Amino acid sequence: MEPNFPVKVFEDVKSSDFDKFNKKHVTEDYVSENFKEFGWDVYRPFDDTGIDLIASKKICPKNHTKWHENTNEQTTCKYNNCNEKLIRISRFIQVKTREVKGDSSLQFFGYTLKSKDFRTDPRHVFLLFSDYTDHVLILPMYEYLTIFYDNPEIGKTHFAVPSFRKGNNKLNSLRFDNKTEKWTWNTQRIQITFEKYVNQKGMELIVNSDYDTKLDYYIEKITEMKLALFHNYSGENEVSPSKETLLQSYLDNQIKQNCKSIKDERANIKNELDKKLPPEVKDSIAKYNKIK
Amino acid sequence: MNRKIKSICHAFVANDIHTYIPDNSQENHFVITSLLCKKCNTLWDTSLVECYFCGDLNHYLYTCTVCGSMYSITRAKVRCECNDKNSKLIKACKNPACPTNTDSELKIVAEKEGGVFDRKSSFKLSLNYCQSCGNPSNFYKTYRVFIYEYDGKNTEDFIKNNSIEEDDLIIYKKKVDDTILYDYLVIKTLEEAKNYRPKFDKSDLKSIIDKIFSQGQ
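Listed in order, the protein sequences are those of chains S and E. Each residue of the first sequence is one higher than the one before, counting from 1 in the numbering used here. Each residue of the second sequence is one higher than the one before, counting from 1 in the numbering used here.
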């Protein structure tokens with residue numbers, strides 16, 4: 001029988017005993033201990049990075065390995081006569097821990113993701129931990145973007161709005177229904193189930209070796225979805241609707257199409273600036289420029 | 001954590017490589033990782049920002065809204081030398097063809113927000129196009145790293161004793177008088193790696209880092 005995830009690894013304390021100021025460390029530790037419980041190797045940041053933990057495991061490239069199977073002593077797949085050499089996978093996990101809020105039976109999990117959180121590597125995973133209900137929602141990058149790409153209406157409210165570009169677009173549509181104990185993305189017009197990302201079902205998604213064996217394919221797909229979602233323009237309050245349409249067509253032509261033109265454009269602008277700027281200003285801004 | 005491992009971890013961090021340590025009592029290795037451009041392997045710095053509309057990078061300049069004079073953002077004085085009463089220093093996009101400079105309506109909004117690259121502006125995104133080649137895709141390059149304080153024995157025993165796997169990285173380290181010498185091996189096949197003899201032809205870790213992170217996925 002398949003085990004449950006997560007399990008209560010800290011017997012002396014409940015996640016809800018912590019407040020928002022001291023819960024970060026304990027929840028990351030809780031997640032880490034849970035991965036370890038099921039045979040994953042876990043690595044924690046030595047320096048300050050955007051990734052809260054790396055979970056790593058040896059799995060069958062033909063997807064025979066279960067998320068809870070301990071493969072530490074194996075080199076080949078033991079499933080039937082598979083015998084395929086195991087590969088080591090790594091998942092780069094960003095943890096968001098929140099308390100579900102709201103008085104009604106439909107509570108919400110509010111969180112914020114910034115543009116810098118969206119990398120095009122399918123092994124990047126968002127792990128949303130609802131500490132009061134003790135649920136984890138595990139969303140690999142490809143799965144996450146697909147939800148919003150396939151549902152343009154919610155894609156727009158997530159990625160196209162000015163607050164996303166400002167980095168403070170708080171998302172309040174992820175809901176937990178106390179009666180049915182189900183998770184959905186819930187707006188006035190759209191309800192999308194998130195059940196396939198919850199607990200052990202989410203773990204099944206991250207043990208998928210396709211993200212490793214078909215890495216290039218997924219990078220390409222994620223890049224395509226990311227650019228489309230990011231460049232679907234919704235304007236600032238002061239920008240008129242007709243101007244929005246014009247700007248959208250500018251974005252479609254200039255940004256989506258040609259990365260070579262971006263490189264050339266940037267080089268031209270830099271050259272022009274180099275001609276105009278006094279040496280002391282150039283020296284001063286050089287230290288910000290991290291091109292290596 | 002073993003101080004010698006810690007020292008190497010700091011050396012990676014100093015070279016902008018993110019370092020992760022095992023969340024258990026294992027002290028024989030750690031993990032390094034870096035986000036790289038999929039096409040040219042240039043480090044992908046997510047803290048860099050680009051203009052939402054034209055993709056130009058932040059040049060870290062203040063521009064006067066009246067006379068167009070430019071100043072470094074480290075400048076303490078926050079007024080332009082033109083002293084015009086309408087002058088405001090903003091972090092504008094420096095692409096003359098960008099809609100935030102050509103479109104009057106958008107220009108007003110961008111100025112109001114302190115310019116495209118102001119911290120609170122809604123006209124910028126984290127790097128979407130590689131700063132070096134313009135490619136829009138990135139990926140994580142990662143290694144498990146094992147440090148071999150060289151004792152003259154062959155690599156075979158070290159591999160066996162440390163459960164080293166393919167794609168792992170061994171860094172060989174040897175002290176000669178006051179100098180530390182290094183070599184490295186990325187394990188392609190365990191069979192091939194067994195007989196590797198380090199040459200110790202590197203006197204810093206930077207050259208190793210540059211090599212291993214420039215080799216594609």
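Hints listed in this document are in silico derivations from the structure and should not be mistaken for laboratory results. Small disclaimer: the values here were computed from a predicted structure and weren't measured. One or more hints might be untrue.
Taking CB as the label site, the calculated pair distances span [stated by the list, open to error]:
no.: 1; chain 1: S; residue 1: Gln-191; chain 2: E; residue 2: Asp-16; range: 39 to 45 Å
no.: 2; chain 1: S; residue 1: Gln-248; chain 2: E; residue 2: Ser-7; range: 32 to 38 Å
no.: 3; chain 1: E; residue 1: Cys-82; chain 2: S; residue 2: Asp-19; range: 49 to 55 Å
no.: 4; chain 1: E; residue 1: Asn-2; chain 2: S; residue 2: Gln-191; range: 28 to 34 Å
no.: 5; chain 1: S; residue 1: Lys-201; chain 2: E; residue 2: Ile-180; range: 26 to 32 Å
no.: 6; chain 1: E; residue 1: Glu-166; chain 2: S; residue 2: Lys-24; range: 33 to 39 Å
no.: 7; chain 1: S; residue 1: Lys-275; chain 2: E; residue 2: Thr-189; range: 49 to 55 Å
The beta-carbon is built from N, C-alpha and C at its ideal position, and this holds for glycine as well.
Structure-based check of each hint:
Between Gln-191/S and Asp-16/E the Cβ separation comes to about 43 Å, which falls inside the hinted range of 39 to 45 Å. Between Gln-248/S and Ser-7/E the beta carbon distance is about 52 Å. The supplied range of 32 to 38 Å is therefore violated. Between Cys-82/E and Asp-19/S the CB atoms are about 51 Å apart, so this pair conforms to the stated range of 49 to 55 Å. Taken as a hint, the range 28 to 34 Å is violated for the pair Asn-2/E and Gln-191/S, whose Cβ atoms sit roughly 52 Å apart.
Distance hint check: the CB atoms of Lys-201/S and Ile-180/E are about 49 Å apart, inconsistent with the given range 26 to 32 Å. Look at Glu-166/E against Lys-24/S: about 35 Å separates their beta carbons, and that is inside 33 to 39 Å. The hinted window of 49 to 55 Å between Lys-275/S and Thr-189/E holds, with their beta carbons roughly 53 Å apart.
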